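S.K.: Given the coordinates of chain A, assemble chain B onto it according to the supplied hints.
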Amino acid sequence: KAGVTQTPRYLIKTRGQQVTLSCSPISGHRSVSWYQQTPGQGLQFLFEYFSETQRNKGNFPGRFSGRQFSNSRSEMNVSTLELGDSALYLCASSVRPNNLAAEQYFGPGTRLTVT
Amino acid sequence: SQQGEEDPQALSIQEGENATMNCSYKTSINNLQWYRQNSGRGLVHLILIRSNEREKHSGRLRVTLDTSKKSSSLLITASRAADTASYFCATVNYGGSQGNLIFGKGTKLSVKP
Numbered sequence: 005k006a007g008v009t010q011t012p013r014y015l016i017k018t019r020g021q022q023v024t025l026s027c028s029p030i031s032g033h034r035s036v037s038w039y040q041q042t043p044g045q046g047l048q049f050l051f052e053y054f055s056e057t058q059r060n061k062g063n064f065p066g067r068f069s070g071r072q073f074s075n076s077r078s079e080m081n082v083s084t085l086e087l088g089d090s091a092l093y094l095c096a097s098s099v100r101p102n103n104l105a106a107e108q109y110f111g112p113g114t115r116l117t118v119t
Numbered sequence: 036s037q038q039g040e041e042d043p044q045a046l047s048i049q050e051g052e053n054a055t056m057n058c059s060y061k062t063s064i065n066n067l068q069w070y071r072q073n074s075g076r077g078l079v080h081l082i083l084i085r086s087n088e089r090e091k092h093s094g095r096l097r098v099t100l101d102t103s104k105k106s107s108s109l110l111i112t113a114s115r116a117a118d119t120a121s122y123f124c125a126t127v128n129y130g131g132s133q134g135n136l137i138f139g140k141g142t143k144l145s146v147k148p
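Keeping their order, the protein sequence lines are chains A and B.
Sequential numbering of the first sequence, starting at 5, is according to the working numbering.
Sequential numbering of the second sequence, starting at 36, is according to the working numbering.
In case anyone wonders, no lab produced these hints; they're calculated from the structure.
The model shown is predicted, which means the values in this text are computed figures rather than measured ones.
Even glycine gets a Cβ: it sits at the ideal position worked out from N, Cα and C.
Some hints here could point you the wrong way.
[What the hints assert, rightly or not] Mimicking BS3-like on lysine-lysine, the simulated pairs with C-alpha atoms at most 27 Å apart in a straight line are:
{"hint": "1", "chain 1": "B", "residue 1": "K61", "chain 2": "A", "residue 2": "K61"}
{"hint": "2", "chain 1": "B", "residue 1": "K105", "chain 2": "A", "residue 2": "K61"}
{"hint": "3", "chain 1": "B", "residue 1": "K140", "chain 2": "A", "residue 2": "K61"}
[Stated by the list, open to error] A partial selection of chain B residues facing chain A, derived with a Cβ cut-off under 8 Å:
{"hint": "4", "residue": "G75"}
{"hint": "5", "residue": "R76"}
{"hint": "6", "residue": "G77"}
{"hint": "7", "residue": "L78"}
{"hint": "8", "residue": "H80"}
{"hint": "9", "residue": "L83"}
{"hint": "10", "residue": "F123"}
{"hint": "11", "residue": "Q133"}
{"hint": "12", "residue": "G134"}
{"hint": "13", "residue": "N135"}
{"hint": "14", "residue": "L136"}
{"hint": "15", "residue": "F138"}
{"hint": "16", "residue": "K140"}
So here's chain A without its partners, still in its complex pose (with noise of 0.2 Å):
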């Protein structure tokens, strides 16, 4: 089975833009969750969207948003950027909701950078 893949890989962007990443899941899965990597913070929980539902989301601010599309692709987004949005966003995928699922296997990331 290929693995959890997103797009784009890297990414620049400045100040009060947007930007929407892709995620794609492994093919069965149908919970993706998304963090966001940072040196300061390290990895913390954005949301996990389960059958295009929101489930649950982490502590950050509404410019963070996501969704999920039929065939379980996840793309989040994130609009009017701050140079504290510069990061690694991963994406994670299984099989069953998190409350049910053991293991999340993770994409490679994409490394946004804020200018």
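M.R.: Quick look at chain B alone, frame taken from chain A:
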């Protein structure tokens, strides 16, 4: 917010030596998982230990869990240069967090050939 703290933050050893990393966490858990990350890339799942288990092995990896002390350790035996990476523990509390992983800040392991 971070759940756990890994210790040490950085570890440098020679090939063939054993590497031990520790993780402490704050709240009750259902399971604890260890992940490896190579140079800012995605995370690779290494091993999961459930709250009712004390020790688990997988190849050269040995994980222990002490729920009374809220701590876990990851031992990599006979390390190789390819083990150079950052290692993270992540806890899961299905009741409180609905299953999302809560990560520690990681231990950066460097294995010198």
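S.K.: Have a go at the B/Q133 hint: is there a Cβ in chain A nearer than 8 Å to its own Cβ?
M.R.: 4 Å, holds
S.K.: Hold the hint about B/G75 up to the distance rule: shortest CB distance to chain A must be less than 8 Å.
M.R.: The hint holds - B/G75 has a Cβ within 8 Å of chain A, the shortest such distance being about 6 Å.
S.K.: Does the alpha-carbon distance linking B/K61 and A/K61 stay inside the 27 Å limit?
M.R.: 20 Å, holds
S.K.: Given B/L83 as an interface hint, is its Cβ closer than 8 Å to any Cβ of chain A?
M.R.: Since the shortest Cβ distance to chain A is 6 Å, the answer is holds.
S.K.: Is B/K105 close enough to A/K61, meaning Cα to Cα at most 27 Å?
M.R.: Satisfied, since the Cα-Cα distance of roughly 25 Å is no more than 27 Å.
S.K.: Should the hint that B/R76 touches chain A count as held when the rule is a Cβ pair under 8 Å?
M.R.: 5 Å, holds
S.K.: Taking the closest Cβ pair, is B/F123 under 8 Å from chain A?
M.R.: 7 Å, holds
S.K.: Closer than 8 Å between Cβ atoms is the bar; does B/L78 clear it against chain A? Give me holds or violated.
M.R.: With Cβ-Cβ at 4 Å, under 8 Å, it holds.
S.K.: Please check whether B/N135 passes as an interface residue: C-beta within 8 Å of a C-beta belonging to chain A.
M.R.: 4 Å, holds
S.K.: Can B/G77 be said to touch chain A, with a Cβ gap under 8 Å?
M.R.: 4 Å, holds
S.K.: For the hint on B/F138, does the least C-beta distance to chain A fall short of 8 Å?
M.R.: Since chain A brings a Cβ to about 4 Å from B/F138, closer than 8 Å, the hint holds.
S.K.: Can the hint on B/K140 be confirmed by a CB-to-CB distance to chain A that is less than 8 Å?
M.R.: Result: holds, 5 Å to nearest chain A Cβ.
Violated hints: none; the structure is consistent with every hint.
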